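Got chain B sorted already, so can you dock chains D, R and E onto it with the hints?
If you want the building blocks of each chain, they are given just below.
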Amino acid sequence: MSKDHSLFIDGSIPPDLVSTQIAKQQTDLRAGAHSIFLGQVRNDPIDEKRVHAIEYTAYEEMVLKEYESIKEELFDTYPLRTIEVFHSLGTVPAGEVSLFVIVTAEHRKEAINACRDAVNFIKKQFPIWGRELLGDEGYQWKENNFDE
Amino acid sequence: MSKDHSLFIDGSIPPDLVSTQIAKQQTDLRAGAHSIFLGQVRNDPIDEKRVHAIEYTAYEEMVLKEYESIKEELFDTYPLRTIEVFHSLGTVPAGEVSLFVIVTAEHRKEAINACRDAVNFIKKQFPIWGRELLGDEGYQWKENNFDE
Amino acid sequence: MKIQLFGNLVDLAGKNHVEVENQPTTDKLIELLVTRFPELKDHQFLIAVNHEVISGKTELHPCDEIALLPPFSGG
Amino acid sequence: MKIQLFGNLVDLAGKNHVEVENQPTTDKLIELLVTRFPELKDHQFLIAVNHEVISGKTELHPCDEIALLPPFSGG
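Same order as they appear, the protein sequences are chains B, D, R and E.
Take 1 as the starting number for the first sequence in my numbering and just add one per residue.
Take 1 as the starting number for the second sequence in my numbering and just add one per residue.
Take 1 as the starting number for the third sequence in my numbering and just add one per residue.
Take 1 as the starting number for the fourth sequence in my numbering and just add one per residue.
Extracted from the complex, chain B is given alone in its bound form (with noise of 0.2 Å):
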């Protein structure tokens, strides 16, 4: 229930990590459709600036809440094998990761369902809140548009 939780990373989410999740599952002989979701932090236009990183912090004891509930629910609506999701605390600058999420099924299918409806529920259900750091020019706390 703290940082170091394998859910949250300090900082960017390497690479790396999605070839290391993916490697995972190939012990995993019925498997047969991975459906990977990333979000990466854009440099948005905000008035005359940009958004040059976004500083994310997290009720981490409720997204952790959450995390059990969406896994749940999705365990009990889909045929899956593992479902997995990273998600940055602190600065990510723009270009890089800050939410990985990875659906493993036998079928591609349900991999691919199930991975779009976690990643809209994360937006929706996760108590994590991002501020665009504006570079020398202050910030302004990031909304999520659900129709995205």
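Take the hints with a grain of salt, since some may be wrong.
[Claimed, not checked] Mimicking SDA-like on lysine to any residue, the simulated pairs with C-alpha atoms at most 20 Å apart in a straight line are: (1) B:K65 - B:L7; (2) D:K65 - E:S73; (3) D:K124 - E:Q23; (4) B:K123 - R:K41; (5) B:K109 - B:R30; (6) D:K71 - D:E106; (7) R:K41 - B:E106; (8) B:K109 - D:N145; (9) B:K71 - R:E52; (10) R:K28 - R:L40; (11) D:K123 - B:W141; (12) D:K123 - E:I47.
If you are wondering where the hints come from, they were derived from the structure by calculation, not from laboratory data.
Every value quoted in this text rests on a predicted model; they were computed, and no experiment measured them.
Below, chains D, R and E alone, put in the same frame as chain B:
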């Protein structure tokens, strides 16, 4: 137009290629979402035997033409940054990856939908054939199931 | 009771938690917090009690873990 | 003309292509191939001419690239 074109990979797709491709998209500061699909060979039971590996062959020139056509269609349908597809030729043992699709967009919805469409298109339209090798005990030609 | 704050509410209060006298319900608690932080009225937030988002007036107990949650922006 | 074969049709013919006399249409071509490989009747396949799957009777030219494609199973 030969086996060394970037789309085709000799044998299994190494998990490291996924990290490499993600890292390639990190210079694009407008990229906000990567949706990735990996198809992995299952050791499915066939009568009393099990699939040990799949041996892939392709009508390579036609695959490349279909690849251009799906890319064009997806770029016309969704606002995307990039699409990359890799497919194995030759033998891929159970537990290893034979298909890798990565779609990058500004926003998650487009990345996820385009990646799903690309996978469905590849399974239906790419002239590629898999021979399921049953150890020393012969083989069977794979058939794709479009309801999966 | 200790109230945990997150996101822009940390800016508003100048810290990530506030201590207040025990309150019997969430309604009373919010009333009290608004007298201390009048700008809270202009902020959107949910209330979590023991890691569950509550809706409507809810009874509080001194040991409850209470948090105010502005709109989420993870991912 | 040279006809490329793939998948289970390679097993059927024992090789990945067959050479036949030039034929004016796909219908004539299939007729000829069925006399050489009677089992072809029991196989499902598409015909590609110059990397395009064709449907219905299609004219053929001596330089066309022709291939018979059993059901795909990539991915």
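Each hint tested on the structure:
no., hint, result
1, B:K65 - B:L7, "11 Å, holds"
2, D:K65 - E:S73, "17 Å, holds"
3, D:K124 - E:Q23, "29 Å, violated"
4, B:K123 - R:K41, "25 Å, violated"
5, B:K109 - B:R30, "15 Å, holds"
6, D:K71 - D:E106, "17 Å, holds"
7, R:K41 - B:E106, "50 Å, violated"
8, B:K109 - D:N145, "11 Å, holds"
9, B:K71 - R:E52, "17 Å, holds"
10, R:K28 - R:L40, "14 Å, holds"
11, D:K123 - B:W141, "42 Å, violated"
12, D:K123 - E:I47, "18 Å, holds"
Of the numbered hints stated above, those contradicted by the structure are hints 3, 4, 7 and 11, listed in ascending order.
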